[in-house]
Amino acid sequence: MPEFHMEKSTSGFASMVVQEPGAEGIRSCYACGTCTAGCPVRRVNPAYNPRKLIRMVLLGMRDEILKGKEIWLCSSCYTCQERCPQAIRITDTIIALRNLAAREGHAPSGISMQARLIRDQGRLYALDEFDDKKRKKAGLPSLPSEFAGAKKLLEEKE
Amino acid sequence: MKYALFLGCTIPARSRNYEMSARVVAHKLGIEFVDIFDFSCCGFPLKSSDMKQAGLLAARNLALAEAQGLPICTLCSACTSMLAEEAHQLGRDKALLDEVNAELEKVGLSYGGNAEVKHFARVLLDDVGLDRIRQEVRVDLKGLPVATHYGCHYLKPSEIYEGLEDPENPSSLEELVNAAGAHSVEYQHKKDCCGGAVLVADEETALRMAKRKLDHVKEAGAKAMNVVCPFCSVMYDDNQKSIESQFEVSYQIPVLYLPQILGLAMGFDRKELGLNMNVVKTKSLTEEIIGEE
Chain A
1 MPEFHMEKST
11 SGFASMVVQE
21 PGAEGIRSCY
31 ACGTCTAGCP
41 VRRVNPAYNP
51 RKLIRMVLLG
61 MRDEILKGKE
71 IWLCSSCYTC
81 QERCPQAIRI
91 TDTIIALRNL
101 AAREGHAPSG
111 ISMQARLIRD
121 QGRLYALDEF
131 DDKKRKKAGL
141 PSLPSEFAGA
151 KKLLEEKE
Chain B
1 MKYALFLGCT
11 IPARSRNYEM
21 SARVVAHKLG
31 IEFVDIFDFS
41 CCGFPLKSSD
51 MKQAGLLAAR
61 NLALAEAQGL
71 PICTLCSACT
81 SMLAEEAHQL
91 GRDKALLDEV
101 NAELEKVGLS
111 YGGNAEVKHF
121 ARVLLDDVGL
131 DRIRQEVRVD
141 LKGLPVATHY
151 GCHYLKPSEI
161 YEGLEDPENP
171 SSLEELVNAA
181 GAHSVEYQHK
191 KDCCGGAVLV
201 ADEETALRMA
211 KRKLDHVKEA
221 GAKAMNVVCP
231 FCSVMYDDNQ
241 KSIESQFEVS
251 YQIPVLYLPQ
261 ILGLAMGFDR
271 KELGLNMNVV
281 KTKSLTEEII
291 GEE
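Heads up: the sequence lines are chains A and B, in that order.
The opening position of the first sequence corresponds to residue 1 in my numbering, with each subsequent residue numbered one higher.
The opening position of the second sequence corresponds to residue 1 in my numbering, with each subsequent residue numbered one higher.
Keep in mind that the hints were calculated from the coordinates and are not lab data.
Wrong hints could be hidden among the right ones.
[Claimed, not checked] Straight-line Cα separation of at most 30 angstroms, DSS-like style, residue types lysine-lysine; simulated pairs:
hint, chain 1, residue 1, chain 2, residue 2
1, B, LYS190, B, LYS281
2, A, LYS52, B, LYS52
3, A, LYS137, B, LYS52
[What the hints assert, rightly or not] A few chain B residues that face chain A, going by a derived Cβ cut-off under 10 angstroms, partial list only:
hint, residue
4, PRO12
5, LEU56
6, VAL198
[Unchecked claim] Now the in silico label distances, taken between C-beta atoms and shown as ranges:
hint, chain 1, residue 1, chain 2, residue 2, range
7, B, SER242, A, CYS32, 33 to 39 angstroms
8, B, ASN276, A, SER109, 30 to 36 angstroms
9, B, GLU248, A, ASP120, 19 to 25 angstroms
10, A, LEU143, B, ASN276, 17 to 23 angstroms
11, B, ASP127, A, LYS8, 55 to 61 angstroms
Beta carbons: idealized from backbone N, C-alpha and C, even for Gly.
Could you build the full structure based on these sequences and the hints that come with them?
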């Protein structure tokens, strides 16, 4: 993870982040590390450190956060959020940071592809004739592969 | 016990064994599933890109169920948390509800804030009850050692489930598995995440997370794993072979969905439960239990 340099710090980044739904409480973090101690991602990949990420946000390390890979490593298991003694919504904060990064075009390709598929067809996997046949064979009802309502709902918001 | 069955994206396309076994087991236990064919994706996969849009998509599904006056029964844990979270928020925040309804109106829907969302395992536990499940047991599973995997979103964030179960000390899945005549074994890091949500951004990290769990499951001597979410199944069942070859380990632990285990005890055959669709072969396991078919 990069070093902190005061001159590169983006003033106002933390203030921007705390306005995002879910991230409101991060200023009350006292860096106890409960989040990081219980994190199942960190156990297999030390590059992921939620305590550090929150500190970096508070220090204004905007580019390192939004252009970095770390925020995409969270498995959204909510272990940290359940245990935080300051009731900071840590998982929700990571999701808020991902939203900010995605808005600037920094989401990993797999994440943007998923979003595109859902906006286009209302579901992740289109069910084609082949799937339908397999479903029928298994005695399962046939399902639509597109949802005009869902598509329209998301189009309006883009 | 009438529920709108919410399938989501992954189950109808990739986990038909879960859907098949859930439907037959539910039917046997007197749960009526209604299919709402206009249910789309729950919204969860959109959350990382745009949580507002994800919430809207969830609200649309809630509105569809509410219009039919039906509570929602989910099979996927990610769908459960996405829908329950949206229902929780919209049930408490009138301004947000108005904002969402302004959007839903454009597609001819409105949401009154009264949807109910329950995972299938919850329906089994709360509405059907363990006694009824025990009464339906026809085949003795002889204390088959099973490692139950809760995963994350079945329990968390706990505030959206309003104190249903303590995520630090859950027992619901063990109770269900034991009621079927299997035996839930204790194992290290039982509550850890499968890693499924990391797969799209960093495959190696995701596989390492799954491996760690499989190691503990094997150590505990479990002959099968029990899951209640298709993402967990992707990690432990679909990816078990690649974990074995990548890390030079061997498990061959069948990964069964909860209704597949219950269904075996209730006397359904392999085909009815989709057991031939599990990736890690289940044949020798079921031969031990029900003999050759």
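- Item | Outcome for the supplied range 33 to 39 angstroms, where the beta carbon pair is SER242/B and CYS32/A | holds, 37 angstroms
- Task: Double-check PRO12/B for me: the hint is only fine if its C-beta lies closer than 10 angstroms to a C-beta in chain A.
- Result: holds, 6 angstroms
- Item | Range hint 17 to 23 angstroms (beta carbons of LEU143/A and ASN276/B) holds or violated | holds, 22 angstroms
- Has the hinted range 55 to 61 angstroms been met by the Cβ atoms of ASP127/B and LYS8/A? At 57 angstroms between Cβs, range holds.
- With a cut-off of 10 angstroms on the beta carbons, see whether VAL198/B makes it to chain A. With a closest approach of 5 angstroms, the VAL198/B hint holds.
- Task: Verify the proposed pairing of LYS52/A with LYS52/B, using a straight-line Cα cut of 30 angstroms.
- Result: Measuring from Cα to Cα gives roughly 26 angstroms; hence the hint holds.
- Could you say whether the range 19 to 25 angstroms given as a hint is met by the Cβ separation of GLU248/B and ASP120/A? violated, 41 angstroms
- Given LEU56/B as an interface hint, is the shortest Cβ-Cβ distance to chain A below 10 angstroms? holds, 6 angstroms
- 30 angstroms Cα cutoff - pair LYS190/B, LYS281/B: holds, 23 angstroms
- Does LYS137/A pair with LYS52/B here, judged by a C-alpha cut-off of 30 angstroms? It is violated: about 38 angstroms lies between the C-alpha atoms, which goes past 30 angstroms.
- Determine whether the Cβ-Cβ distance between ASN276/B and SER109/A falls within the hinted range of 30 to 36 angstroms. Distance hint for ASN276/B, SER109/A holds at roughly 35 angstroms.
Checked against the numbered hints given earlier, this structure breaks hints 3, 9; the rest are met.
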